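Top line first, the protein sequences correspond to chains A and B.
So the first sequence is numbered by this note's numbering: it starts at 1 and just counts up by one.
So the second sequence is numbered by this note's numbering: it starts at 1 and just counts up by one.
Hint data in this document are derived by calculation from the structure and do not stem from the laboratory.
All of these numbers come straight from a predicted model, not from anything done at the bench.
Cβ coordinates follow ideal geometry from the N, Cα and C atoms, glycine included.
A couple of the hints might just be wrong.
[As the list claims (entries may be wrong)] List of simulated lysine-lysine pairs, BS3-like, C-alpha gap at most 30 Å:
#1 B:Lys299 <-> B:Lys196
#2 B:Lys108 <-> A:Lys113
#3 A:Lys72 <-> B:Lys288
#4 B:Lys64 <-> B:Lys96
#5 B:Lys154 <-> A:Lys203
[To be verified] Here are some, though not all, of the chain B residues that point toward chain A, as calculated from beta-carbon distances under 7 Å:
#6 Arg23
#7 Gly148
#8 Ser201
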Amino acid sequence: MKSVDLSSISEFSENILLIKLNQESPYSNNSSFFLALSAFLREESHWIEVVAAEESIAVKYNDIKISTSKAKDLILSTIKGFNYKEESKTEILLHVPVYYSDEFGLDIEKITKTQSVTYEELINLHSNIKYEVKMIGFNPGFAYLGDLHEKLRIPRLSKPRINLLPGSVGIAENRTGIYPFGGPGGWSIIGRTPMKLFDNNNKNPFVINPGMRVKFDPINKKEFESFNY
Amino acid sequence: MSIEIISSGLQTTIQDLGRKGWRHMGVPESGGADKPSLKLANFLLNKALNSPVLECTLTGPSLKFFRSYSLVITGADMNPKINNKEIKMNKVIDVKPNDILSLDNCSKGCRAYIALSEDILAEDFLGSVSTYLPAKLGGINGLALTEGTLIETKSCESEVFSLTNKDFKLNNPFQNEWKLRVIEGPEYDFVKNASKEKIFSSIFSVSNDSNRMGNRLIGEGIELSNHDQMVSCPMSIGTIQCPKNGSPIILGCDSQTLGGYPRVLQIAAVDLHLIGQLRPNDNIFFEKISIDHAREEFKKQNSLSAF
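Please put together the full structure from these sequences, using the hints given.
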């Protein structure tokens, strides 16, 4: 593959390498390329962690056992066997029910004002898109979904909140996402899902994974309260 | 009932060596913030190094025992006492039912580790019982221990030995002024040249706003030539991020896996455990070393380690 060679691998720390594309990307969608490549690399047992971001991958290795040049060679030889076809992805569509409301949507009223939209318009603009998983990270199971409708694009909060409720649905810039466990977060919150995005009984406990699309389905308060799974 | 928390201390959590291999799903390693001290506690009890221990922060807890145990306390010295009688750090100590262990404040370092001869029972999440407070994972209900919490233990297979009590020399690194060795981070060249010099000649102090996620530093502001918001990039424990305001943040063991601020420096692996012992108002100065030198130092440290 032409787009990754030795010159596109750099050192992040003593035992972490960064992989980038060394030229204009031949793909229309870099993030899904990096997610797919990172999953492919993760199948090899050499690596302690393989983490994809939107435009790079971090690969952590045991530098007591593997030298840096050996690690680079292993990455390049693995990538040789990687065959990425943008079109041929089969995607699972996950429906996530969301109760859009002032009750849980801490910023929904403010957004309707700054973006000059009604509540109904906001809900339609947010729930009419089948979002792609662009990246996973920041905190456990948090999937960056995109792209958000242009009319809803707002900056991150200047001061992040410390303790969001689990299932809070947020937006920032061209991304939307759900906080599976709550906790700290700097995105504007427009609603909450009653769905559990995490199941400790599964080998991979996370419900949203790379390669999926996510569609939000608006529900009312009664449906939110009686939701059961 | 095995152990009762009489007083909680500032932040006492159950930790082991952390979760590996899940950063791609946004799960940080967690585990003890100062892993060598955690390992030493288990090592002195002849336990598996990954056994769960109690991590105490700045002010330690008081515990009441309902069974007999051997225990070891390592890390920052919080003046531990059994029934009000001083005991030594880094030594195997025997306790019996109704004994009370109390830890106080420390003046140097930030975290102490209490390891027990029995195994502490806690909730496993992705192969580790380490407590991760932001998402309430691991530990007991994912929380810091509070007054009245009961900790259950079960006997473990390994035979506790006290041989190591004899002459285990400990290199005590705890101080209030730290030299931290760093290597250049991926965005080191975002730092203006004048600022590059200042970083290595000035002293930073640790802000009160520091925790297991990160240590915020106060000092000479770092000026960046490139203020563009970066696309989110992979982060690591020990990455020194620099937001627009110029105040660097050292990412800790509970830090986020991805982030959008320039990664200007990286704490060398050989000094990585020290960031778990930084306390508010401690002074820090950075020494820049090459990545090859950093690797040599880490290998040297590794080969000298008894465990």
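Verification of the supplied hints:
no., hint, verdict
1, B:Lys299 <-> B:Lys196, "holds (28 Å)"
2, B:Lys108 <-> A:Lys113, "violated (51 Å)"
3, A:Lys72 <-> B:Lys288, "holds (25 Å)"
4, B:Lys64 <-> B:Lys96, "holds (10 Å)"
5, B:Lys154 <-> A:Lys203, "holds (26 Å)"
6, Arg23, "holds (5 Å)"
7, Gly148, "violated (23 Å)"
8, Ser201, "violated (24 Å)"
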